[in-house]
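Engineer: Each chain is listed here by its residues.
Number of protein chains: 2
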Amino acid sequence: MAKLPSNRPEARTPRGFRDIDPAEIRAETRMLGTIREVYESYGFEPLETPAIEYTDALGKFLPDQDRPNEGVFSFQDDDEQWLSLRYDLTAPLARYVAQNFDKLPKPFRRYATGPVWRNEKPGPGRFRQFTQFDADTVGTESVAADAEICMLAADTMERLGIARGQYKIKVNNRKLLDGVLLAIGVDPAADADAKKRLTVLRAVDKLDRLGTEGVSRLLGTGRKDESGDFTAGAGLAPDAIETMLKFVGASAVDGARALDLIEPLVSGSETGRAGLAELRQIAELVASGGYDRDRIAFDSTVVRGLEYYTGPVFEAELTFEVKDEDGNIVRFGSVGGGGRYDDLVARFTGQRVPATGFSIGVSRLAAALRYLDKSEKVQAHGPVVVLVMDKGELPRYQRLAQTLRQAGIRAEMYLGTSGMKPQMKYADKRGAPCVIIQGSQEREKGEVQIKDLIDGAKAAQSITDNKEWKAARPAQFSVPEAEMVAAVKGVLARHG
Amino acid sequence: MAKLPSNRPEARTPRGFRDIDPAEIRAETRMLGTIREVYESYGFEPLETPAIEYTDALGKFLPDQDRPNEGVFSFQDDDEQWLSLRYDLTAPLARYVAQNFDKLPKPFRRYATGPVWRNEKPGPGRFRQFTQFDADTVGTESVAADAEICMLAADTMERLGIARGQYKIKVNNRKLLDGVLLAIGVDPAADADAKKRLTVLRAVDKLDRLGTEGVSRLLGTGRKDESGDFTAGAGLAPDAIETMLKFVGASAVDGARALDLIEPLVSGSETGRAGLAELRQIAELVASGGYDRDRIAFDSTVVRGLEYYTGPVFEAELTFEVKDEDGNIVRFGSVGGGGRYDDLVARFTGQRVPATGFSIGVSRLAAALRYLDKSEKVQAHGPVVVLVMDKGELPRYQRLAQTLRQAGIRAEMYLGTSGMKPQMKYADKRGAPCVIIQGSQEREKGEVQIKDLIDGAKAAQSITDNKEWKAARPAQFSVPEAEMVAAVKGVLARHG
Chain A
501 MAKLPSNRPE
511 ARTPRGFRDI
521 DPAEIRAETR
531 MLGTIREVYE
541 SYGFEPLETP
551 AIEYTDALGK
561 FLPDQDRPNE
571 GVFSFQDDDE
581 QWLSLRYDLT
591 APLARYVAQN
601 FDKLPKPFRR
611 YATGPVWRNE
621 KPGPGRFRQF
631 TQFDADTVGT
641 ESVAADAEIC
651 MLAADTMERL
661 GIARGQYKIK
671 VNNRKLLDGV
681 LLAIGVDPAA
691 DADAKKRLTV
701 LRAVDKLDRL
711 GTEGVSRLLG
721 TGRKDESGDF
731 TAGAGLAPDA
741 IETMLKFVGA
751 SAVDGARALD
761 LIEPLVSGSE
771 TGRAGLAELR
781 QIAELVASGG
791 YDRDRIAFDS
801 TVVRGLEYYT
811 GPVFEAELTF
821 EVKDEDGNIV
831 RFGSVGGGGR
841 YDDLVARFTG
851 QRVPATGFSI
861 GVSRLAAALR
871 YLDKSEKVQA
881 HGPVVVLVMD
891 KGELPRYQRL
901 AQTLRQAGIR
911 AEMYLGTSGM
921 KPQMKYADKR
931 GAPCVIIQGS
941 QEREKGEVQI
951 KDLIDGAKAA
961 QSITDNKEWK
971 AARPAQFSVP
981 EAEMVAAVKG
991 VLARHG
Chain B
501 MAKLPSNRPE
511 ARTPRGFRDI
521 DPAEIRAETR
531 MLGTIREVYE
541 SYGFEPLETP
551 AIEYTDALGK
561 FLPDQDRPNE
571 GVFSFQDDDE
581 QWLSLRYDLT
591 APLARYVAQN
601 FDKLPKPFRR
611 YATGPVWRNE
621 KPGPGRFRQF
631 TQFDADTVGT
641 ESVAADAEIC
651 MLAADTMERL
661 GIARGQYKIK
671 VNNRKLLDGV
681 LLAIGVDPAA
691 DADAKKRLTV
701 LRAVDKLDRL
711 GTEGVSRLLG
721 TGRKDESGDF
731 TAGAGLAPDA
741 IETMLKFVGA
751 SAVDGARALD
761 LIEPLVSGSE
771 TGRAGLAELR
781 QIAELVASGG
791 YDRDRIAFDS
801 TVVRGLEYYT
811 GPVFEAELTF
821 EVKDEDGNIV
831 RFGSVGGGGR
841 YDDLVARFTG
851 QRVPATGFSI
861 GVSRLAAALR
871 YLDKSEKVQA
881 HGPVVVLVMD
891 KGELPRYQRL
901 AQTLRQAGIR
911 AEMYLGTSGM
921 KPQMKYADKR
931 GAPCVIIQGS
941 QEREKGEVQI
951 KDLIDGAKAA
961 QSITDNKEWK
971 AARPAQFSVP
981 EAEMVAAVKG
991 VLARHG
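One line per chain: the protein sequences are A and B, in this order.
Basically the working numbering = 1-based index in the first sequence + 500.
Basically the working numbering = 1-based index in the second sequence + 500.
Since the hints were made in silico from the structure, they are not lab data.
Take these hints with a grain of salt, some might be off.
Treat identical chains as interchangeable: a pair holds within one or across any two.
[Stated by the list, open to error] List of simulated lysine-lysine pairs, BS3-like, C-alpha gap at most 25 Å:
1. K891 with K929
2. K603 with K696
3. K958 with K603
4. K925 with K606
5. K606 with K891
6. K560 with K925
Using the sequences provided together with the hints, build the complete structure.
Structural biologist: Laid out in structure tokens, this is it:
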């Protein structure tokens, strides 16, 4: 046997990574199953791509600097090619579509779920590995595909038990944002205006948090926050600021007429008019599908980061209120989002392939379900534990456990080498609803004792006298071995 | 819009990685669900650890060379610490147990599934990412835990539909192997004999492939294979070779009495006697559980690589025959294995924590189920496709698709912009059982046409005349919209 190393490593997870416990795994497994069912019903097909891709295929190789982007975990293969862990499920999809274009049905609907990795600074609740669940439709320009994604998202929320009124699929359009930017003299296609555009979009994105006043400052000369930190503004003129505020405020002023309110602001450009037309088509399609404005609606404040989107953008927001870390009442907020990205596949082929999709943040949505108490109560109890009273009788105890399992009851024989007390403690720690006890007396009579740990715990709270306890032995009873399964089922039924 | 890069990356998966198609994903998802159910019934709890661990925690940091083992994918974090992708699920479990020792119930049963990565040379069927499904029991020396793992493995095979007689859980014991090595003068604990021991174990491992004659050569002076390549032998003396051949041949000579046959060979050492006693206990426990020797049995040829095992070792073998790549008839072979490893947690804590476990190779087992035609026929057909005959009527077509979905039928509206013929081709490519057609005529009458693509394809084979085809329009019929769901269900029922 090898000697133990004198220099022992410390047992710890790497910075920004975490282990996931049984309750969370079970809840997520069920949740993912439900999402899968909804996506399948819409005709989406599963696809699994590897965790590792060539860095250049992910678009994360920086040719000017001849190395990968620092935001992704990267390493060199033995042939010197750079590999990276995927940072989302969209870039691998683009690679897959480019690689298999001819054999795919067009449009191609696929769903995928799995971990993604970000080489970023971890923070509270911000991990460097997390799970996404994506659905994308590739190969069609039709806004019916975007409308379908919105309906899919709404159906998913409801199938998970999130009630109508507790969620909203908010829709905007990058072309509309570009239209209003053009109207205030910022050219979204001009490199010179890139920084200004970014500052304006970031300001719009903060309406929820800062209100009109704050956004107005960020659009203008800048804003000092409570801590005294100053954020530089976009430097817009007062009338441009007014236009932007009208734009972002439209949904709040009159949701049903928001597109009409915005029309004069954006219809000066072809881009703006196209965005408007697309949103009206989406509105018509979802309305005719029976999805009213409480479920899917235009929202002029949705920006969706600063990514590769080229048309409609979506955000699934949970609208019920929770307390944040500082104790403030806030909306639960976004659990997923997406949009149309028409340029991703072209990176490989030069051929423009229109696509639209939606991505769910799995942990975040699971947290919402836990909060709403909608994660199914799976395995609320641990297994029934068969105690080992006599080590010479292991085969007998093992058979008792097997009998329970064959009757569909989760059960285990105690596998340690400790005595009665630690075994009871073990059963408690496992959350066992009851234990099976068979000492020599019971064995001779062909009986088992069943000790109900849940009733027992309740009884223990009301009995203070040790003697009284021993006399009453609450929640413990004997049955013939042949009746063990029925008796255990009775205990389980009693505790739901 | 950003300009396309002139230097486009090639769309390809990295060397040794692969995409997984829908049929395989669906079959594996079902298979993993069944395995999970069996493991849960035995009281195992799920655990999910991250894909990335500190290299030293995986035991893959080479301190003398101050760098990670080349067999794992590794990279440095921004604080210069080395990280690696896990290469199995056992090393992360050891890290988890060492990190959370005090709060875990002991013994601790956990199962886990997920991808693992090996930075090795890929080959046909050998990938650098693959999925494992592990169950381990940590914190008990009792061989009842090993016996339980064997029963768990047998139950899993049967629940997946592998019939009794088509699989065998083979059990051996490292202590027995050490015992016979001691008997022939090779000290398993002596560094000087390490190479010889390895050569002997490797030779034993090849009995299946090379037969007694070949193994005998490998134990002696060496062996030249058909291609003329020479493998050096262990250089054992003739009587030592005879002992080893008696040992490895015991199970074949008389399976029921194999342990008795081996007893005189190994009982000269304490290690050998301990191994024998453990195997007899396991045999008693599984027999009393009703698992006969066709399902779980001692097999003296099982070696299980050259890993960290310290006691009983297991191998799940599928015994039915298949053709290998060269057309030879061979047993399907191993789909999983494991054993007792008592030293893994001690790497961190210095404290010896006994453990035993079993790992399934997910793709390999899934391939076996496909071969046996036991993977459940999930989604044999694609979705029903609602054709778009009139682009102005998208909302109507979308509603038809939604009506089908709400009735539990997988359905999609065609989302492309092409005409009738490409749409029919699309439906074919999707494997649609039927399409829904509603032109202006049908719309005015409140009807839809249903075209059965499966019957249609059959009919097409028997009709050669185009005119005859047009007149008969086989497998195509009209129903009122209100009867669409029932009619489609009829089509689906007809094609099972």
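Engineer: Hints first: check each against the structure and report whether it holds.
Structural biologist: Here's how the hints hold up against the structure:
1. K891 with K929: Cα proximity of K891 and K929: one copy only (22 Å, versus 62 Å across).
2. K603 with K696: neither (43 Å within a copy, 53 Å between copies)
3. K958 with K603: The answer is between: 24 Å across copies meets 25 Å, while 64 Å in one copy does not.
4. K925 with K606: Close across copies (10 Å), not inside one copy (60 Å); limit 25 Å.
5. K606 with K891: between (65 Å within a copy, 17 Å between copies)
6. K560 with K925: neither (52 Å within a copy, 37 Å between copies)
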